[in-house]
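Protein chains: 2
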Amino acid sequence: MKWWPTAMYCCTHAAVMANLILDGENLGFHGFMVQLRDENGSCMPGIEIGEIGPKINAESTNIGFSRFTHVRVPRFNLFARAQQLTPDGKYIKPASKALSKFKYISMMQIRVEFVSASYDFLAKAATIAIRYSCVRKQGYKRNDRPEEGENVVLDYQMQQYRLFKALSLAYMFYWNARYIRDYLGRIQQGMMEGDEKASEEVPELHATLCGFKVFAAVTAQANMEELRRVRGGKPATGMAAYLVGKPLTLPKVGEAAFPGFRGPTGRKLLVELLQDRARRLAVKLEGAFTAAEQLQPGRTFEEALNCCAVSAWRAAEAHAFYAFAANNLSSLQAYVKDPSVGKALERLFELMALQVISEKGADFAGVLGEPHFDLILKSIEELLAEIRPDAVALVDGFGYLDRHLHSTLGLYDGNVYEAIYEEAKKSPLNQSETMLGWEQLAKIVDLGMLRDGRKEQHAGVSVSSASRL
Amino acid sequence: MKWWPTAMYCCTHAAVMANLILDGENLGFHGFMVQLRDENGSCMPGIEIGEIGPKINAESTNIGFSRFTHVRVPRFNLFARAQQLTPDGKYIKPASKALSKFKYISMMQIRVEFVSASYDFLAKAATIAIRYSCVRKQGYKRNDRPEEGENVVLDYQMQQYRLFKALSLAYMFYWNARYIRDYLGRIQQGMMEGDEKASEEVPELHATLCGFKVFAAVTAQANMEELRRVRGGKPATGMAAYLVGKPLTLPKVGEAAFPGFRGPTGRKLLVELLQDRARRLAVKLEGAFTAAEQLQPGRTFEEALNCCAVSAWRAAEAHAFYAFAANNLSSLQAYVKDPSVGKALERLFELMALQVISEKGADFAGVLGEPHFDLILKSIEELLAEIRPDAVALVDGFGYLDRHLHSTLGLYDGNVYEAIYEEAKKSPLNQSETMLGWEQLAKIVDLGMLRDGRKEQHAGVSVSSASRL
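Chains A and B, in that order, are what the protein sequence lines are.
In terms of this note's numbering, the first sequence has 175 at position 175, counting the first letter as 1, and numbering is strictly consecutive.
In terms of this note's numbering, the second sequence has 448 at position 448, counting the first letter as 1, and numbering is strictly consecutive.
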């Protein structure tokens with residue numbers, strides 16, 4: 001039974017991936033065109049199609065399930081670009097086995113779109129949150145002088161920490177989506193032209209892009225309060241390379257050779273730190289895996305790997321984040337021409353890298369000491385203050401119109417409270433003078449008390465003249 | 001305008017907290033009973049009550065807004081347990097200023113309930129996720145021998161890392177809710193009996209419990225994939241005490257004096273590490289605050305604090321988590337009598353503390369080195385394997401019935417897939433033989449092609465005999 005295909009309930013045909021078994025021999029994964037519904041809209045014989053029922057999100061989209069019972073499709077329905085099946089049952093292998101991997105490409109393209117969608121969701125959330133944070137006031141500037149008024153919440157450093165993190169990640173996803181889409185396009189082009197070398201990159205690319213699905217499901221929910229996890233991937237950077245890399249060593253804070261964590265040398269150092277972290281974790285994973293294998297001879301590869309799965313997850317995340325950050329920095333150098341725009345985006349890059357290093361501190365224990373971490377926190381706090389004046393322009397730069405955001409809080413003109421009130425007035429409960437459902441309540445409340453209360457409680461005179469009751 | 005009070009739309013009266021201004025003098029925050037609706041269910045004069053409209057959650061509860069325009073309430077409606085207003089306009093101060101803080105208590109009780117609710121939501125999510133993880137299979141045990149079958153996902157270490165973290169936090173919240181509720185009850189009792197000393201603890205308790213609101217709003221969403229943030233609070237443990245505390249020093253891994261991170265001495269060490277982290281961050285916050293004050297003379301307290309708000313947030317979180325963990329360990333010693341139950345819960349405690357230390361590594365850079373962090377990760381991986389056999393019993397121990405969980409995935413009997421399919425069949429889209437809305441689709445699809453396809457595609461013979469087409 002297949003669960004989850006979006007919109008399958010109202011599809012007439014499906015591209016079904018299934019094993020091709022010929023005279024008992026399993027020839028592996030092939031594509032078949034299968035007709036789901038007949039000309040009356042009923043299911044084809046042997047096919048059951050349904051819809052999976054209530055979902056938390058996407059209520060407007062039908063999500064399907066299907067079950068096939070002994071369905072026979074004609075030979076013609078086999079996808080046969082690379083391999084063939086003759087009418088007398090002979091299987092003709094693809095000219096190049098490598099090129100048959102082409103069928104993964106559409107899945108990979110969808111996975112890249114998750115990065116792009118993550119940018120989109122996160123950028124929208126950041127736009128709404130940053131705009132609203134310029135309007136929303138909370139907390140007196142001075143508790144001893146309430147008459148000086150309240151702060152807009154965007155001026156609070158903690159608010160900045162969360163918002164600007166989301167903002168910098170949104171930009172990072174933007175650059176990476178662009179970078180990876182171009183890269184994948186080149187591979188696809190190469191494979192269509194029969195370039196076997198291009199197709200060699202497919203398995204690793206496939207594995208890397210799988211990470212995006214998890215990552216994107218998480219980031220789709222991104223908002224200023226939730227944003228903490230950072231994952232991703234880079235095409236074709238083998239982790240094996242780490243095992244021969246050299247450890248990074250860093251001068252102490254205060255020594256002349258220490259470049260600091262900001263500016264051109266600082267940004268280079270940040271990428272090196274992320275690379276060194278990926279290297280360290282890969283080396284440790286290698287060690288943990290070997291130990292797990294040797295501890296119980298006869299353990300399978302899968303069993304040994306499962307004994308150090310947390311290490312493996314951390315190594316994979318570190319690898320992916322290094323690649324993400326490196327792509328981001330390269331993209332700024334390659335694509336951004338205006339120096340003042342470049343400066344604003346470099347600050348976002350520095351903030352994002354420093355936040356991740358600070359939040360994943362244990363991974364850097366071998367190279368960074370307490371004074372480094374103290375300086376990192378100080379640099380973060382400086383960056384927040386520096387990014388503050390650009391924050392609204394940076395979200396305006398995403399270019400969303402009010403009708404894209406569907407948000408009273410994120411209105412471009414900032415007239416938030418008027419908009420919320422106008423929206424609330426549309427609620428069906430607010431359409432009548434009298435409370436909706438009062439006839440039910442009237443049976444149980446003390447109406448006499450309410451009537452008496454009405455004689456005592458009035459309106460219409462100003463509070464100052466009424467202060468003495 | 002007041003926004004957000006739950007269910008206010010159908011309330012007849014409200015307890016309104018407002019300043020009492022007498023002859024131009026602001027006497028501060030007082031409580032007033034205000035009638036919202038008259039005996040016909042209409043708003044009282046000068047009062048506007050409405051409902052705020054669509055919400056993502058809690059659609060079934062009305063959430064209100066209100067606006068008062070020159071509303072006059074009779075003197076009798078002033079809450080007057082502690083202070084009085086005479087008919088001729090004289091204000092009689094409360095006998096004890098401290099005891100007037102009593103009005104915060106109901107708000108604090110609600111905040112404690114957030115801890116309890118967080119336990120409840122998280123425990124339910126953990127129950128569903130752990131039960132389903134015993135049923136759900138994914139991934140071959142050996143990729144080279146698919147016939148050996150697939151793993152249940154609970155056997156994956158990464159799955160354990162997330163699930164058991166949620167599980168251990170759920171238990172931690174359980175113990176803390178119990179502990180804090182008792183504590184608050186004792187203070188309230190003391191204040192009702194006129195004990196001024198009890199009331200002195202109210203302001204700090206109030207501040208600490210404020211953290212729960214943020215924390216609980218986050219944890220209500222808790223599930224196995226999201227659970228990363230840990231906050232909370234402990235009644236009446238002043239952070240100022242940290243400023244005179246001594247730094248913790250730890251023997252190196254491998255030295256005889258190093259107790260390890262597990263067992264009775266290990267658990268004691270974990271609490272000490274969390275306490276030392278809270279101390280370090282408090283000391284650093286003190287330093288950062290002083291520096292911020294001195295950098296620009298004339299800065300207000302609020303401005304200086306905002307320059308180190310990230311430091312302050314981290315210090316507050318560290319303080320709260322230390323208190324949470326300490327309460328947890330004490331509770332196990334105080335309440336759990338069965339030694340084997342105690343062992344199972346101690347493992348959860350160790351896991352939770354080690355996960356937090358590992359994930360907040362930068363905060364421990366002054367006391368833990370890379371070998372410590374390596375050992376911590378190793379201990380986590382050991383604990384996951386040890387907790388695995390108890391996992392189902394530990395969630396069964398929460399005692400939820402199927403009707404509490406409303407979840408096909410979390411069914412006690414584990415017949416998950418049958419239940420999902422049965423539920424899906426109830427969808428309105430699945431009630432007719434023909435696709436709902438086919439008449440619309442029929443106008444645009446090629447019915448002839450579907451008719452032809454029906455002649456070629458069949459069902460009813462087994463796949464093996466049909467493999468040659």
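By construction, these hints were calculated from the structure, which means they are not laboratory data.
For glycine and all other residues, C-beta sits at the position ideal for the given N, C-alpha and C.
Careful, some of the hints might be misleading.
In silico lysine-lysine, PhoX-like type, Cα no more than 20 Å apart, as pairs [as the list claims (entries may be wrong)]: (1) A:268 - A:252; (2) A:2 - B:284; (3) B:378 - A:378; (4) B:378 - A:284; (5) A:425 - B:246; (6) A:137 - B:425; (7) A:252 - A:378; (8) A:2 - B:425; (9) B:2 - A:426; (10) B:137 - A:2.
Which residues of chain B face chain A? A partial, calculated answer using Cβ under 10 Å [to be verified]: (11) 2; (12) 5; (13) 9; (14) 69; (15) 120; (16) 302; (17) 398; (18) 400; (19) 402; (20) 403; (21) 404; (22) 434; (23) 445; (24) 460.
Covered stretches of chain A (in silico footprint by chain B; criterion: 3 or more residues with CB under 8 Å from a CB of chain B, positions within the stretch not fixed) [claimed, not checked]: (25) 155–168; (26) 299–307; (27) 360–368; (28) 428–438.
For each hint, the structure was consulted:
1. A:268 - A:252: It holds: about 17 Å lies between the C-alpha atoms, which stays within 20 Å.
2. A:2 - B:284: violated, 56 Å
3. B:378 - A:378: The hint is violated at about 32 Å.
4. B:378 - A:284: Satisfied, since the Cα-Cα distance of roughly 11 Å is no more than 20 Å.
5. A:425 - B:246: Outside the cut-off at roughly 59 Å; violated.
6. A:137 - B:425: Violated: residue 137 of chain A and residue 425 of chain B sit about 50 Å apart, past 20 Å.
7. A:252 - A:378: holds, 16 Å
8. A:2 - B:425: holds, 14 Å
9. B:2 - A:426: With a Cα-Cα distance of about 18 Å, the restraint between residue 2 of chain B and residue 426 of chain A holds, given a limit of 20 Å.
10. B:137 - A:2: Roughly 15 Å between the alpha carbons, so the hint for residue 137 of chain B and residue 2 of chain A holds.
11. 2: violated, 12 Å
12. 5: Violated, about 13 Å.
13. 9: Check passed: Cβ of residue 9 of chain B comes within 6 Å of chain A, closer than 10 Å.
14. 69: holds, 6 Å
15. 120: violated, 19 Å
16. 302: holds, 6 Å
17. 398: Status violated, d = 23 Å.
18. 400: violated, 20 Å
19. 402: violated, 18 Å
20. 403: Violated. Min distance 17 Å.
21. 404: Violated - the Cβ of residue 404 of chain B stays beyond 10 Å from chain A, reaching only about 19 Å at its closest.
22. 434: Since the shortest Cβ distance to chain A is 4 Å, the answer is holds.
23. 445: holds, 6 Å
24. 460: holds, 6 Å
25. 155–168: holds (count 5)
26. 299–307: holds (count 5)
27. 360–368: holds (count 8)
28. 428–438: Holds: 7 residues of the region 428–438 of chain A have a Cβ under 8 Å from chain B.
Hint violations for this structure: numbers 2, 3, 5, 6, 11, 12, 15, 17, 18, 19, 20, 21, all remaining hints satisfied.
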